[in-house]
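Novice: Mind docking these for me? Both chains are given alone in their own frames, and the hints should help you get the complex.
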Amino acid sequence: MAMDQLDAVFGALADPTRRAILTRLTQGEASVAELAAPFRVTQPAISRHLKVLERAGLISRTRRATARLSHLRAEPLRQATVYLAGYREYWEQSYERLEELLAVLQEQETDRSQPGDPTGRSTS
Amino acid sequence: MSELQVTAEPGVPQVLTSRDLDAPVALVYRAFTEPELIAQWLGPRKYTMTVDRYDLRDGGTWRYVHTDEAGNAYGFHGVFHGEPSPDGIVQTFEFEGAPGHVQLDTVTFEEHDGKTTVRTNSVFQSVQARDAMVDAGMASGMSEGFERLDELLDRQLKGRHVTDG
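Here the protein sequences come in this chain order: A and B. Numbered by this note's numbering, the letters in the first sequence go through residues 245 to 368 in order. Numbered by this note's numbering, the letters in the second sequence go through residues 199 to 363 in order.
Chain B on its own, in the form it takes in the complex (with noise of 0.2 Å):
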């Protein structure tokens, strides 16, 4: 099976990832530009993904909402940057629960004996971002200190033993 690189240099603003997937480009494509076909794959499958805006051009907007199981809603947006095209889509993104905070992503393809690389690179405002945003869930044993954390955040917003009261 298909493992996803992930690259992030010490210092640099900068994530990279690549990912080989057993299918021709223009499928891939597709399945990363048609709005009813992201909201089948794009994100975790905990998350009900509805696809609120895709305007595929160049300055099109576009937004989506991740929708967890209690019913917490979490949004992101942005732009298309030049014409998106097989041979790549640059788009800005931006968390609203992080207003301000926007990372440039660019998508690119490559078929090769009938399989698509695709690739990615999101650079940030800044060093710190990167690594809060990457780092922090990537350092190994941090992500079960995050499920933990997630585990105590939802025990907590229920109402109960919140410290900070």
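This is chain A alone, in the form it adopts within the complex (with noise of 0.2 Å):
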């Protein structure tokens, strides 16, 4: 992906309303109108931050009849969901991960010093 895309993508998603707009379209297509009325936003506000997640790559927009639908894009959401999710997901996984090794690493610490050592040290 092309630094300056990420740049908009980063940029997009860093807005909360635009981060509720991609969720509500990961349910399907949707209107201006159906976008705009969870949020106390005019219609021109909301259109205002679907030309920046369309220029950010991260939704298309079709004409039906008289309403103009905002679609999910996948392709460029794909590196950076991945990226952006599970910040603390990911740490918080890690860190569980790290403890259980932990406990293993200590056990093996402990079951070498104890037969023998003449130290008599228990690193436990």
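One or more hints might be untrue.
Computed list of chain A residues with no C-beta within reach of chain B, every gap over 10 Å [claimed, not checked]:
id : residue
1  : E278
2  : A289
3  : S291
4  : R312
5  : Y331
6  : R332
7  : R341
8  : A347
9  : Q350
10 : R356
11 : Q358
Taking beta-carbon pairs under 7 Å as the criterion, some of the chain B residues facing chain A (in silico) [claimed, not checked]:
id : residue
12 : L202
13 : L225
14 : A229
15 : P233
16 : W239
17 : L240
18 : G241
19 : A327
Cβ pair distances, simulated, as ranges [to be verified]:
id : chain 1 : residue 1 : chain 2 : residue 2 : range
20 : A       : R292      : B       : S324      : 42 to 52 Å
21 : B       : E207      : A       : E333      : 31 to 41 Å
22 : A       : S304      : B       : E281      : 46 to 56 Å
23 : B       : T304      : A       : A289      : 50 to 60 Å
24 : A       : P282      : B       : T259      : 41 to 51 Å
25 : A       : R308      : B       : K244      : 32 to 42 Å
26 : B       : T248      : A       : A311      : 39 to 49 Å
These aren't lab readings, by the way, just hints derived from the structure by calculation. In this text the structure is predicted, and so the values were computed from the model without any measurement. Cβ atoms here follow ideal geometry from the backbone N, Cα and C, with glycine treated the same way.
Specialist: Have a look at this one:
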């Protein structure tokens, strides 16, 4: 992914309204009016958010009769979501695994240091 | 059980974390610096972790790759700054899917009564980059949204219902 586009993706995802719009679009395409409904903002304000998302390549827009429908685009989000989605989850899981590993390593050290250890020292 | 503390102040391009571990600092430091140990804990279980290089010295480079079940590989790399020691490790961190977006990470270890507190300090290039990375994943309600998004992306990338075709 080009850096300009990543910047655009980061910029687009930094706004809570735009993140909420993307979440809504995971359930399927939607018109501007449908997207504006949950927010206390005007349809033109939602349209501006949609332009930012479109420029970042996160959505595409088509026309059906009088309505402009927004769709989520999968490709540009693929790399970004892996990177963005789970900062806390990533570290929580990592530290849980680290605790298990440390317990195993400590057991190994205790086993090694017990029989015939001239210092009689326990590392636990 | 110890909790992971995450602090991301508004308007500051920085994230601080803190986590207590029930082990002495010497052992924690080994787990953070020996490639065969790193591969056993760093990252969620759903990824297979491969440490490509880990040249633990001032100016040395590191690289590791997470591979998911579908075979998608996510590479990360960076450079150590200053001599890494149990007092602290300073390194850059760059996701290969976003080249040029570099964060500066400092990890410190503090032992007390046989336990070790690990603290990390990550500095981003902008508040926007920080928020996109951290806030997007942590904002309430969004993790579920991202899970759904992830499922949707999986389905779409398997070739059907791609709307941007």
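Novice: Does each hint hold? Answer for all of them.
Specialist: So, going through the hints one by one against the coordinates:
no.	hint	verdict
1	E278	holds, 16 Å
2	A289	holds, 20 Å
3	S291	holds, 19 Å
4	R312	holds, 14 Å
5	Y331	violated, 5 Å
6	R332	violated, 5 Å
7	R341	violated, 4 Å
8	A347	violated, 8 Å
9	Q350	violated, 6 Å
10	R356	holds, 13 Å
11	Q358	holds, 17 Å
12	L202	holds, 5 Å
13	L225	holds, 6 Å
14	A229	holds, 6 Å
15	P233	violated, 13 Å
16	W239	holds, 4 Å
17	L240	holds, 5 Å
18	G241	holds, 6 Å
19	A327	holds, 5 Å
20	A:R292 with B:S324: 42 to 52 Å	violated, 21 Å
21	B:E207 with A:E333: 31 to 41 Å	violated, 21 Å
22	A:S304 with B:E281: 46 to 56 Å	holds, 50 Å
23	B:T304 with A:A289: 50 to 60 Å	violated, 40 Å
24	A:P282 with B:T259: 41 to 51 Å	holds, 47 Å
25	A:R308 with B:K244: 32 to 42 Å	holds, 38 Å
26	B:T248 with A:A311: 39 to 49 Å	holds, 48 Å
Of the hints listed earlier, those the structure fails to meet are numbers 5, 6, 7, 8, 9, 15, 20, 21 and 23, in rising order.
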